[in-house]
Amino acid sequence: MHSLTKLLEAALFAASRPLTLEELASLDPGVADGAVRASLAELRAAYGDEHGVELVEIAEGWQFLTRREYGETIERAQFALRPRRLSPAALETLAIIAYRQPVGRLEVDEIRGVDSGAVIDKLVERGLIEVVTRGEGLGRPLLYGTTPSFQEILGLKNLEDLPRLEELSVALRRPTPVDEPE
Amino acid sequence: MHSLTKLLEAALFAASRPLTLEELASLDPGVADGAVRASLAELRAAYGDEHGVELVEIAEGWQFLTRREYGETIERAQFALRPRRLSPAALETLAIIAYRQPVGRLEVDEIRGVDSGAVIDKLVERGLIEVVTRGEGLGRPLLYGTTPSFQEILGLKNLEDLPRLEELSVALRRPTPVDEPE
Amino acid sequence: MTGPSMREQAGAGFVVELEKFSGPLDLLLHLIKEDEVDITDLPIAKIADQFLSVIAELGLNQAADYLEMAARLLRIKAQMLLPRRLGDDEWEDPRAELVRRLLEYQQIHELVDWLGHAADARAERFGRGYEAPPPDALPAPLQIDLNDLLAAAERVISLIPEPMLHRVVPRPLDVEGATARILALLAERETFGWRDAVGGPQASLVDVLSTFIALLELAKRSSLTLSQPEPFGPMVITRALPHEAA
Numbered sequence: 674m675h676s677l678t679k680l681l682e683a684a685l686f687a688a689s690r691p692l693t694l695e696e697l698a699s700l701d702p703g704v705a706d707g708a709v710r711a712s713l714a715e716l717r718a719a720y721g722d723e724h725g726v727e728l729v730e731i732a733e734g735w736q737f738l739t740r741r742e743y744g745e746t747i748e749r750a751q752f753a754l755r756p757r758r759l760s761p762a763a764l765e766t767l768a769i770i771a772y773r774q775p776v777g778r779l780e781v782d783e784i785r786g787v788d789s790g791a792v793i794d795k796l797v798e799r800g801l802i803e804v805v806t807r808g809e810g811l812g813r814p815l816l817y818g819t820t821p822s823f824q825e826i827l828g829l830k831n832l833e834d835l836p837r838l839e840e841l842s843v844a845l846r847r848p849t850p851v852d853e854p855e
Numbered sequence: 674m675h676s677l678t679k680l681l682e683a684a685l686f687a688a689s690r691p692l693t694l695e696e697l698a699s700l701d702p703g704v705a706d707g708a709v710r711a712s713l714a715e716l717r718a719a720y721g722d723e724h725g726v727e728l729v730e731i732a733e734g735w736q737f738l739t740r741r742e743y744g745e746t747i748e749r750a751q752f753a754l755r756p757r758r759l760s761p762a763a764l765e766t767l768a769i770i771a772y773r774q775p776v777g778r779l780e781v782d783e784i785r786g787v788d789s790g791a792v793i794d795k796l797v798e799r800g801l802i803e804v805v806t807r808g809e810g811l812g813r814p815l816l817y818g819t820t821p822s823f824q825e826i827l828g829l830k831n832l833e834d835l836p837r838l839e840e841l842s843v844a845l846r847r848p849t850p851v852d853e854p855e
Numbered sequence: 032m033t034g035p036s037m038r039e040q041a042g043a044g045f046v047v048e049l050e051k052f053s054g055p056l057d058l059l060l061h062l063i064k065e066d067e068v069d070i071t072d073l074p075i076a077k078i079a080d081q082f083l084s085v086i087a088e089l090g091l092n093q094a095a096d097y098l099e100m101a102a103r104l105l106r107i108k109a110q111m112l113l114p115r116r117l118g119d120d121e122w123e124d125p126r127a128e129l130v131r132r133l134l135e136y137q138q139i140h141e142l143v144d145w146l147g148h149a150a151d152a153r154a155e156r157f158g159r160g161y162e163a164p165p166p167d168a169l170p171a172p173l174q175i176d177l178n179d180l181l182a183a184a185e186r187v188i189s190l191i192p193e194p195m196l197h198r199v200v201p202r203p204l205d206v207e208g209a210t211a212r213i214l215a216l217l218a219e220r221e222t223f224g225w226r227d228a229v230g231g232p233q234a235s236l237v238d239v240l241s242t243f244i245a246l247l248e249l250a251k252r253s254s255l256t257l258s259q260p261e262p263f264g265p266m267v268i269t270r271a272l273p274h275e276a277a
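Residue numbers (our numbering), protein chains in the order written: chain Z, 674 to 855; chain A, 674 to 855; chain G, 32 to 277.
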């Protein structure tokens with residue numbers, strides 16, 4: 674490709690919007706519109722059918738777009754956004770609920786030693802845990818458990834797929850029931 | 674180009690961040706990692722010197738970037754903006770966290786000789802570091818590590834791309850444990 | 032030590048904004064570089080004086096971190112002036128800790144230079160600028176690693192407090208037995224000691240408690256009197272006089 678063509682390619686790739694002929698011409702003050710047009714034609718031909726992207730002329734100018742046939746696959750992969758990861762606090766809370774379900778907020782607080790209300794709400798919002806029943810006792814507290822989408826994200830066929838606590842590397846005590854404070 | 678190569682090209686064009694091998698492989702469930710690698714090699718060769726953009730290995734993944742020689746022109750035309758430069762304080766903090774991760778705030782403070790709380794908060798906000806776990810000991814302090822975005826803004830292939838401490842001219846064999854302030 | 036000439040000299044050498052130094056260690060390194068002195072054999076008196084005049088010049092003498100360093104430098108300077116015996120192997124260089132920190136900080140600064148250059152080089156290249164709007168604002172995909180979850184489980188389990196167990200005594204107290212034993216003793220002897228009451232030297236804690244409760248109960252019913260002839264002496268149990276009986 675000509676050096677002007679390569680410059681146009683780089684600019685069209687980096688721009689967050691379609692670029693007009695004038696804008697493209699402004700990249701190199703010494704160059705005529707005709708040369709820009711010729712370079713655009715060269716670029717378009719270079720991308721032809723043999724690529725997954727193509728140079729498209731749309732109302733506002735020129736833009737690189739992915740070819741239509743790949744659109745759906747890419748959209749499904751949700752690459753536009755970086756996957757979110759759970760905070761250590763959320764993971765801890767999730768671990769307690771996964772292993773002790775159904776379990777109430779007080780018990781989670783007790784084990785973590787901190788208030789877990791906000792974290793639990795966020796996990797519910799993200800669809801990883803849900804209220805599964807209500808406990809006995811004062812106020813009949815809401816008890817939480819994990820959702821099918823929790824298993825799906827971790828790639829577990831069912832909850833029995835979670836490694837048994839005894840298999841974890843550290844010497845673990847069996848989870849012992851903690852009395853809910855009265 | 675092979676049809677898998679075209680799909681990868683489209684996906685890499687569509688994403689505005691590096692995509693890992695796993696992410697790319699997830700586009701086509703029937704495909705083996707080896708085939709993805711072969712397609713990436715084909716794609717990289719197809720772009721070679723003859724284009725204004727190139728396929729770069731970065732942040733444990735792959736990304737199309739404009740070639741270095743066009744950066745200044747594109748920036749001058751204001752088609753794309755350079756990221757804000759990091760302050761010396763931010764770079765110092767990042768350097769310490771990159772080499773000692775997971776590391777807590779007290780240790781960063783001690784090495785820098787100044788309070789680093791505000792800088793750490795800002796780096797978390799910019800997504801360059803994150804809480805990766807909690808330390809042992811009193812109050813179970815938050816420990817920080819670097820994120821993929823950190824590698825991305827530095828153009829690192831992976832964390833092994835950082836210079837080894839032995840290669841530095843200042844001869845300190847290895848980070849010595851820092852005493853917690855009294 | 033911060034005379035006018037020093038001030039002047041420092042002022043000329045350090046026309047800088049506050050942000051130029053990212054901390055007291057940075058300023059110290061700067062001074063060391065300016066003076067071209069050996070970091071491992073720091074002329075502490077000179078450096079301390081320069082440090083003080085520079086922070087006064089820059090108005091950094093309000094900042095706690097700088098003041099702390101100034102105090103530290105002055106302390107080291109004073110320690111260096113203390114006489115020490117020749118050939119004293121035990122002498123520990125008061126500068127050692129500061130030198131170690133300065134070397135470490137210098138190393139960090141080399142990394143900072145490297146990181147800065149890497150960031151500048153990366154900033155010369157642009158990624159794809161156009162971002163297709165997400166079709167219907169799907170939330171970002173969530174990533175959970177099973178290992179992360181297990182690590183969290185381990186952290187959490189180590190936090191679980193050992194539940195408070197009340198140990199249930201397998202044998203209940205035998206107050207009736209102790210009462211019967213004491214009544215039998217009272218029938219045959221007017222007075223006897225604690226050891227006889229409790230049933231011998233091999234008595235268990237349960238026996239002791241049972242006996243004690245039985246004695247108190249019998250004393251309350253005025254069947255016997257409990258006395259202690261001397262402080263901390265052995266307890267004496269005496270059959271109650273008939274007229275005292277209820």
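It should be emphasised that the hints constitute simulated quantities derived from the structure, not laboratory data.
Accuracy of the hints is not assured; some may be wrong.
What the hints assert, rightly or not - Chain A side only, calculated, beta carbon under 8 Å to chain Z, not exhaustive:
| hint | residue |
| --- | --- |
| 1 | GLU682 |
| 2 | VAL797 |
| 3 | PRO814 |
What the hints assert, rightly or not - Below, in silico cross-link-like pairs of lysine to any residue (SDA-like), each with a Cα-Cα straight-line distance of 25 Å or less:
| hint | chain 1 | residue 1 | chain 2 | residue 2 |
| --- | --- | --- | --- | --- |
| 4 | G | LYS64 | G | ALA76 |
| 5 | G | LYS108 | A | GLU783 |
| 6 | Z | LYS830 | Z | ALA763 |
| 7 | A | LYS830 | Z | PRO756 |
| 8 | G | LYS64 | A | SER760 |
Don't be surprised by glycine CBs; every beta carbon is placed ideally from N, CA and C.
Cross-check of the supplied hints:
1. Annotation: interface hint on A/GLU682 holds; nearest CB of chain Z at approximately 4 Å, less than 8 Å.
2. Taking 8 Å as the C-beta contact cut-off toward chain Z, the hint placing A/VAL797 at the interface is violated, the least distance being around 11 Å.
3. Checking A/PRO814 against chain Z by beta carbon gives a least distance of about 12 Å; that is not within 8 Å, so the hint is violated.
4. With a C-alpha separation of about 16 Å, the suggested pairing of G/LYS64 with G/ALA76 holds against the 25 Å cut-off.
5. Our distance criterion of 25 Å between C-alpha atoms is met by G/LYS108 and A/GLU783, whose separation comes to about 22 Å.
6. Note on Z/LYS830 and Z/ALA763: the hinted pairing holds, with a Cα-Cα distance of about 22 Å set against a maximum of 25 Å.
7. As the CA atoms of A/LYS830 and Z/PRO756 are separated by approximately 19 Å, the hinted pair is consistent with the 25 Å bound.
8. Of the supplied pair hints, the one linking G/LYS64 and A/SER760 holds, its CA atoms being roughly 21 Å apart against a limit of 25 Å.
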